[in-house]
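Colleague: Those protein sequences? They're chains A and B, same order as listed. Count the first sequence with this note's numbering and you get residues 1 to 349, in order. Count the second sequence with this note's numbering and you get residues 1 to 349, in order.
It should be emphasised that the hints constitute simulated quantities derived from the structure, not laboratory data. Treat each hint with caution, since some may be false.
[Stated by the list, open to error] The calculated lysine-lysine pairs, modelled on BS3-like cross-linking and capped at a C-alpha distance of 25 Å, are:
id, chain 1, residue 1, chain 2, residue 2
1, A, LYS116, B, LYS116
2, B, LYS206, B, LYS7
3, B, LYS116, A, LYS206
4, B, LYS81, B, LYS116
5, A, LYS206, A, LYS7
6, A, LYS248, B, LYS56
7, B, LYS50, A, LYS56
8, A, LYS116, B, LYS206
9, B, LYS248, A, LYS56
10, A, LYS50, B, LYS56
11, A, LYS116, B, LYS7
12, A, LYS50, B, LYS50
13, B, LYS56, A, LYS56
14, A, LYS81, A, LYS116
15, B, LYS116, A, LYS7
Chain by chain, the residues run as shown.
Number of protein chains: 2
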Amino acid sequence: MGGLLYKDSGVDTELAKRIPLHLRGHAERTRRRWVEGGLGGFASIIDLSKTDLGGKGLVRGRLALTCDGVGTKVLLAREDKDFAGIGRDAVAMCVNDLLVLGAEPLALLDYVATGKIEEDRLGFLVGGIASACEESGCALVGGETAEMPGLYEAEELDVACFALGLLGEDAGLGGEGIRPGDRVIGLGSSGLHSNGFSLVRRVLEKWGGDLEGEVPYECEGVDTFREALLLPTRLYVREVLEGWLSLKNRGKVRLMAHVTGGGLADNLGRGLCGGVTCVIERGSWKVPEVFSWLASEGGIEAEEMASTFNMGLGYVGVVRGEDFREEDWEGASVVGYVEEGGEGGVAWS
Amino acid sequence: MGGLLYKDSGVDTELAKRIPLHLRGHAERTRRRWVEGGLGGFASIIDLSKTDLGGKGLVRGRLALTCDGVGTKVLLAREDKDFAGIGRDAVAMCVNDLLVLGAEPLALLDYVATGKIEEDRLGFLVGGIASACEESGCALVGGETAEMPGLYEAEELDVACFALGLLGEDAGLGGEGIRPGDRVIGLGSSGLHSNGFSLVRRVLEKWGGDLEGEVPYECEGVDTFREALLLPTRLYVREVLEGWLSLKNRGKVRLMAHVTGGGLADNLGRGLCGGVTCVIERGSWKVPEVFSWLASEGGIEAEEMASTFNMGLGYVGVVRGEDFREEDWEGASVVGYVEEGGEGGVAWS
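Make a model of the complete structure from these sequences and hints.
Modeller: Right, dumping it as C-alpha cells:
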C-alpha cells in the first residue's frame with residue numbers, strides 16, 4: 001500500500017516535467033542573439049549588448065526575467081487579508097527566482113484574472129503585491145486586471161507576476177566552480193510557501209477538520225489553521241543581495257536555488273555539474289511541523305514529501321569550502337556538503 | 001429602450017476604468033528612481049541608467065514592459081487550431097502595446113493556467129505564441145504552465161503574456177508636438193482582435209445560431225463563424241518599426257495608439273494634450289461586417305460599439321501634417337485630422 005502521491009491530487013508531476021521539453025522546440029525557433037543560455041533555468045537572461053542598439057554602444061546590461069503564479073494556494077484564501085498574503089506569494093515566487101542568478105529585482109507587473117472585480121479584495125491583493133515589491137526594492141510598474149465572467153466564478157481569482165531583474169557584472173553562479181568540501185547552506189522557509197497546494201488540499205479533504213479552528217500542530221503567531229497554511233512565501237532578497245552576494249562574500253557563492261516545485265533535490269540539482277554530489281544532512285535544520293502533520297495525516301512517504309515541498313528550506317546555496325566560516329552567513333544553516341563523484345545530483349545522509 | 005451595453009455582459013466597464021486609479025496608490029509607494037513616467041500608459045518604462053549599476057556607467061538603455069491576456073475570447077476556442085490563434089492574440093496584445101512607445105520587442109514570457117494539461121492543446125497554444133513571437137522578432141524565453149485543478153475545469157485555460165521591449169534613442173512619441181493640420185492614420189484590424197468578447201458572447205447567446213455554421217455576413221477565407229470570430233489579432237510590428245518609425249519617416253510620428261478596450265477614442269485620447277482635438281472621419285475606412293452584424297443582432301448603439309470594439313482600425317497614429325504625403329504611409333488609411341481647440345479629445349465627423 002503506497003502513500004498519497006502528489007499526482008493523486010490531480011496534478012500530473014511527470015507531465016509537468018515533460019512540458020518544458022515539449023515546448024522547448026517552439027521557444028528555440030524564436031531564439032534571438034540577445035538571449036543568453038538555454039531554457040529551464042530559474043530565469044531567462046537577455047544581453048542588451050547583443051541587440052542592434054547594443055552593437056552601436058547605445059545600450060548595455062544583462063537582464064533576468066521570471067514569471068510565476070501561486071498555484072492552487074489561491075483556492076485556500078477566503079478573507080481579504082488572505083489575498084494580501086497571496087499577493088506577497090506571487091511576488092516572492094518571481095523575485096526569489098531572480099536572486100538565484102544574482103539579479104537585483106527592478107520591476108514587476110501583475111496579471112489578475114477574476115470573474116467579478118471586487119474592489120476591496122483586489123485592493124488587498126495588490127496591496128500585498130506592492131508591499132512585497134517594496135521589501136524587494138522592486139517597483140510595481142503595471143499589469144492587467146481582467147474581469148472574465150464565464151471563465152472564473154465571481155469570487156474566484158488567479159494571479160501571476162512577471163519580474164525584471166538586473167544582473168551584476170560578476171557571473172559565476174552557474175555551479176561550475178563547485179568542488180568537494182564546499183558547503184551547502186540554507187535559509188528557512190516560512191512554511192509551505194506556494195507549492196504543492198493541490199496535495200495539501202487533498203490531505204485537508206481527507207482530514208475533514210475546520211480550517212477556521214486551531215492549528216493541529218505547534219505554530220506560533222497565527223490564530224487559525226487557514227492562516228497557518230497561508231503564511232506567505234518568505235522573500236530572500238535582503239539576505240541574498242546584502243549578505244550572500246555582498247562585497248564581503250564576493251566570489252564565495254557557487255550556486256543558489258529557490259526551493260519550489262520539485263523540492264530541494266530537483267531545484268539544487270538542476271544547477272549541479274557532473275563529478276560532484278551535494279550531500280544534504282537530514283536533521284541539520286528544523287523541519288516545520290506543518291510538514292510532519294501533512295505526512296502523517298495524508299500518509300505521504302518521505303520521498304514524496306521531499307520532492308513536493310520545501311521541507312523548511314526555502315532558499316539554498318553552495319558556498320566555497322576553503323575558507324568557510326559560519327559567521328559569514330548570518331541566519332543561514334549549514335545543511336550539507338559537496339563530495340567527489342556522482343553525476344551532479346543531490347544525496348541525503 | 002436602450003440597446004445592449006458592454007456592462008450587460010457582466011463586465012463593469014466603469015469599474016474597470018476606476019481600478020487603475022484605485023491601485024495607483026499601491027504602485028506609487030513602490031516607485032523607484034529607474035521608473036520613468038506615470039502609470040496608465042500603454043507600457044511601463046525603465047531607465048537602466050538610473051540604477052546603481054547605471055550610475056557606475058555599467059548599464060544603459062530604456063526598456064518598456066507590457067502585460068496582457070486575451071479576455072474571454074479564450075472561451076470561444078474549441079479546437080486545437082483555435083488555441084494557436086489565442087496564442088497569437090496574447091502575443092499581439094503585448095507587442096502592439098510596446099510599439100506605441102516605439103519599443104522593439106525583445107523577449108516574451110507566457111503564463112498558461114489550466115485545469116488539466118492537455119499536451120496537444122498546449123502545444124498548439126504555445127506554437128501560436130512562438131509564431132507570433134517570430135513574426136515580431138521577439139524571443140519566447142520562458143514562462144509558467146500551471147496545472148490548477150479546482151480553479152479551472154480540465155478543458156479550461158487562461159493565458160497571459162509579458163513582453164520586454166527596447167526603446168530607441170528618439171523619444172517624441174508622447175503627443176506633445178501635435179498641432180492643427182496633423183493627420184490621423186490607421187492600420188486595419190483583422191476583425192474583433194481580443195477585446196469585447198464578453199459582449200460578443202452575450203450577442204451570440206441572444207442570436208442562438210450555430211458557430212460551426214456559415215458566417216452570417218461577408219467574410220473571406222474562413223470556413224465557420226467560430227473561425228471568423230476567432231481571427232487572431234493583427235501584429236503591427238513590421239508596419240510600425242519598418243515603416244512608420246523607419247529612417248525615412250523619422251520624427252514624423254507624434255503619437256500612436258493600439259486600439260483595444262475602450263476603443264479608438266479612449267486609446268488615442270489618453271495620449272492627447274489639451275488645445276487640440278483629433279477629428280475622426282467616419283467612412284474613411286472600411287468597417288468590417290462583423291461589427292455591423294454585432295450591432296444589429298445585439299441592438300448595440302453606435303457609441304457603445306465604438307467604445308468597446310476597434311471597428312476595423314487596430315492601430316492608429318498622429319503624424320506631422322506639414323509635409324504629409326499618403327505614399328509615405330503604405331498600407332495605412334488617412335482617417336482624420338487634428339484641429340485647434342478642445343481638451344485633447346477625439347471627435348467624430
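Colleague: Return the numbers of the hints above that this structure violates; sort them in rising order.
Modeller: none
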